[in-house]
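Listed in order, the protein sequences are those of chains A and B.
In terms of this note's numbering, the first sequence opens at residue 1 and continues consecutively.
In terms of this note's numbering, the second sequence opens at residue 1 and continues consecutively.
Just so you know, not all the hints are guaranteed correct.
Claimed, not checked - Heads up, simulated DSS-like pairs for lysine-lysine below, C-alpha to C-alpha not over 27 angstroms straight-line: (1) A:Lys98 with B:Lys116; (2) B:Lys166 with A:Lys245; (3) B:Lys116 with A:Lys245; (4) A:Lys92 with A:Lys105; (5) B:Lys122 with A:Lys245; (6) B:Lys122 with A:Lys92; (7) B:Lys116 with A:Lys99; (8) A:Lys245 with B:Lys126; (9) A:Lys299 with A:Lys161; (10) A:Lys78 with A:Lys299; (11) A:Lys224 with A:Lys193.
None of these hints come from the bench; they were simulated from the model.
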Amino acid sequence: MKNKTRLAIILIIVFSFLPFCLQAGGTEEKTQEGVGVIKVGILGPMAGPQADIGLTMRDGSILAMEEINARGGIAGKKFEWIVIDDEATPAKSVNGAKKLIFENKIDILLGPANSGCALAVGEVTQPNKIITIVPGQNSLLTKPEWDYVFRSAVTDVEMAKCKMNFLEDNFKRIAVIHETNAYGEHWYQTMLKMMTERGLKFVADESLDTSTFDLMPQATRIQKGDPDILLYLGSYGAAVVNLAKAERSIGLSIAHLGPGYANKSTIDLGGQDVEGAMFVDTTDLNKPQWKEFEQKYRKRFNIVGVFNVSNACQPYDAVYLLAQGLEKTKGQAGEALRDALEQGVAVDGVIGSVGTPGARWSKSRHDALMADDLVMNIVRGGEFVTLPPR
Amino acid sequence: MLSQIVFSGIYMGCIYGLVGMGFALIFNSSKIFNFAQGEFLMLGAMLYVTFTTSLNLPFGIALILCIVSMGLIGVCLEVLGINPLRRRNAETIRIVMVTLAFGIISKNLAEAIWGKYPLKAKEILKVPHVQIAGHLFRAQGVIIIAVTAILLMILWYFFERTMYGKAYRASAFNVTMAYLSGINVRAMVMTSFVLSGILGGVAGVLVGPLAFVSSDMGAMLGVKGFCAAVIGGMGNPFGAVIGGLLIGLSENMVGGFISTRLMQGLSFMFLILVLLIRPQGLLGVSE
Chain A
1 MKNKTRLAII LIIVFSFLPF CLQAGGTEEK TQEGVGVIKV GILGPMAGPQ ADIGLTMRDG
61 SILAMEEINA RGGIAGKKFE WIVIDDEATP AKSVNGAKKL IFENKIDILL GPANSGCALA
121 VGEVTQPNKI ITIVPGQNSL LTKPEWDYVF RSAVTDVEMA KCKMNFLEDN FKRIAVIHET
181 NAYGEHWYQT MLKMMTERGL KFVADESLDT STFDLMPQAT RIQKGDPDIL LYLGSYGAAV
241 VNLAKAERSI GLSIAHLGPG YANKSTIDLG GQDVEGAMFV DTTDLNKPQW KEFEQKYRKR
301 FNIVGVFNVS NACQPYDAVY LLAQGLEKTK GQAGEALRDA LEQGVAVDGV IGSVGTPGAR
361 WSKSRHDALM ADDLVMNIVR GGEFVTLPPR
Chain B
1 MLSQIVFSGI YMGCIYGLVG MGFALIFNSS KIFNFAQGEF LMLGAMLYVT FTTSLNLPFG
61 IALILCIVSM GLIGVCLEVL GINPLRRRNA ETIRIVMVTL AFGIISKNLA EAIWGKYPLK
121 AKEILKVPHV QIAGHLFRAQ GVIIIAVTAI LLMILWYFFE RTMYGKAYRA SAFNVTMAYL
181 SGINVRAMVM TSFVLSGILG GVAGVLVGPL AFVSSDMGAM LGVKGFCAAV IGGMGNPFGA
241 VIGGLLIGLS ENMVGGFIST RLMQGLSFMF LILVLLIRPQ GLLGVSE
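Let's have the full structure, built from the sequences with the hints guiding it.
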């Protein structure tokens with residue numbers, strides 16, 4: 001009996017840790033032969049529900065680094081990268097960043113992909129003078145005292161401005177629903193503040209818990225508000241689709257706008273239910289640079305069907321911005337690279353709308369894009385399409 | 001609007017009730033709370049996705065396989081986790097810890113096998129909605145309500161009209177007397193785990209097409225099912241359904257007519273109220 005109990009305890013321990021053991025293989029390393037290397041750490045969720053975000057960020061940056069390496073690198077130095085899966089968890093992200101900085105001795109960190117993780121990791125990278133490129137939208141990420149942190153995209157405030165302009169220009173009655181997680185709450189507070197500043201009010205103001213299957217009460221209350229458009233503040237694909245299903249049940253047919261519609265997972269799960277949904281994005285799909293990037297990206301990573309466009313494009317352009325800085329410093333990172341980036345770098349690359357200068361960093365501006373650089377994309381035929389400028 | 005909210009409240013209540021029935025059956029026979037009940041549902045849903053989507057089996061065969069598999073998983077929990085401790089007269093809290101551990105193992109195994117990404121389950125009916133009195137209702141919701149009613153009738157027949165069911169009730173009422181009367185008490189406990197596994201499996205098959213299937217789906221439903229079982233009267237499977245309906249309907253009515261922000265806490269509010277005012281539950285503990 002004792003042996004059976006021992007066996008049971010061992011089995012419990014083994015199976016409890018099984019997923020962690022399976023994910024331990026998530027660290028990937030690509031090493032270039034030779035003495036001169038620029039070590040880059042890539043940190044983000046590489047498995048699980050948010051894997052789309054991390055994987056596309058990883059692949060977009062790898063594509064740019066491979067291109068630069070193929071041209072001979074920077075000042076004779078080639079990029080070398082190490083990928084760590086942080087499971088979108090701040091504690092694991094901090095541990096991953098420490099491993100990259102102190103064990104792998106990285107020069108530059110790309111990520112973490114999520115704002116929550118990036119806010120925690122910034123406390124580690126800033127004092128260690130590691131240039132950190134974050135894709136997250138939280139405004140606090142590029143606060144003045146974090147001068148080693150640069151953003152590959154745009155802040156939530158700039159994104160909210162773009163959303164508000166679009167809503168104000170095209171719709172009279174706006175309803176909102178937000179996920180009751182940190183991401184949804186943050187976006188809700190940002191949009192609510194902006195609505196109040198402009199003297200506007202939501203005709204329906206609802207929330208949802210992403211673990212809830214049935215969103216009929218939310219759908220009926222939204223219908224009661226008689227809106228022209230629903231602003232969905234959240235990114236959980238299953239919840240986005242569950243709400244769309246509930247709306248369909250009660251015959252509610254309105255426009256949708258929200259960041260959750262930009263995800264591959266939402267399109268995969270939702271199909272027809274998310275057709276016509278819109279989202280503010282950093283990538284203009286009419287841009288020739290995008291078309292060229294798309295071809296290269298699909299070929300390199302064997303991608304078929306829809307993918308998280310901007311998650312891939314932003315790090316791609318960010319690597320080219322970094323390359324400009326590294327050219328100036330002859331491949332040296334740390335303080336020299338920060339100064340070089342702050343002197344001003346710009347790339348008319350994949351992100352940014354047609355006719356705008358594209359991604360750029362300077363001393364006064366650590367965010368690659370602003371509200372005027374953004375576009376409105378829509379889900380059409382299961383793919384993403386850019387709407388004409390307003 | 002009212003009809004839609006009431007309808008969805010009823011089918012969500014039925015789901016809570018099905019999970020709650022699992023809790024009640026095991027509590028009846030062994031006086032322990034099986035906190036892996038939510039994970040039974042999750043495993044049932046995962047198996048349903050595998051059978052229908054990966055193996056492309058027809059619905060009927062997939063359902064039978066889910067029922068058999070979940071019944072076996074119930075047996076595994078009883079044989080490997082519960083019985084060894086019961087034979088040594090272990091404290092109830094230790095046995096409850098085993099069910100918690102089983103739940104964690106199940107969730108982690110499901111993540112390892114099926115991943116964390118939500119999966120699509122095949123709809124049982126090809127039509128997404130049915131029209132009743134000029135209103136559109138989700139077809140899956142109608143199925144959930146109908147299946148719950150059928151399961152309740154089967155359980156009633158089993159407990160009230162069969163010798164085995166009466167033996168089960170006798171063993172739940174007084175283990176010693178049942179044993180002295182020649183009832184195989186161990187078999188009754190095993191039966192409760194098999195039935196709970198089956199109920200979890202059926203609930204999983206019903207819930208899967210309603211939303212999406214993921215390894216963490218059992219947690220919330222397990223908690224709500226537990227609340228339903230306590231509110232209805234712990235150990236009374238029929239009370240669990242009443243408790244589930246109360247939670248489902250009140251959540252939807254409050255969400256639909258007052259505020260969606262108040263929905264999630266309602267089941268716990270009812271739980272506290274019932275424990276304070278009528279600790280034996282609405283229908284009382286089953287005898």
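Evaluated hints:
| no. | hint | in the structure |
| --- | --- | --- |
| 1 | A:Lys98 with B:Lys116 | holds, 26 angstroms |
| 2 | B:Lys166 with A:Lys245 | violated, 44 angstroms |
| 3 | B:Lys116 with A:Lys245 | holds, 22 angstroms |
| 4 | A:Lys92 with A:Lys105 | holds, 18 angstroms |
| 5 | B:Lys122 with A:Lys245 | holds, 15 angstroms |
| 6 | B:Lys122 with A:Lys92 | violated, 35 angstroms |
| 7 | B:Lys116 with A:Lys99 | holds, 25 angstroms |
| 8 | A:Lys245 with B:Lys126 | holds, 15 angstroms |
| 9 | A:Lys299 with A:Lys161 | violated, 35 angstroms |
| 10 | A:Lys78 with A:Lys299 | holds, 22 angstroms |
| 11 | A:Lys224 with A:Lys193 | holds, 23 angstroms |
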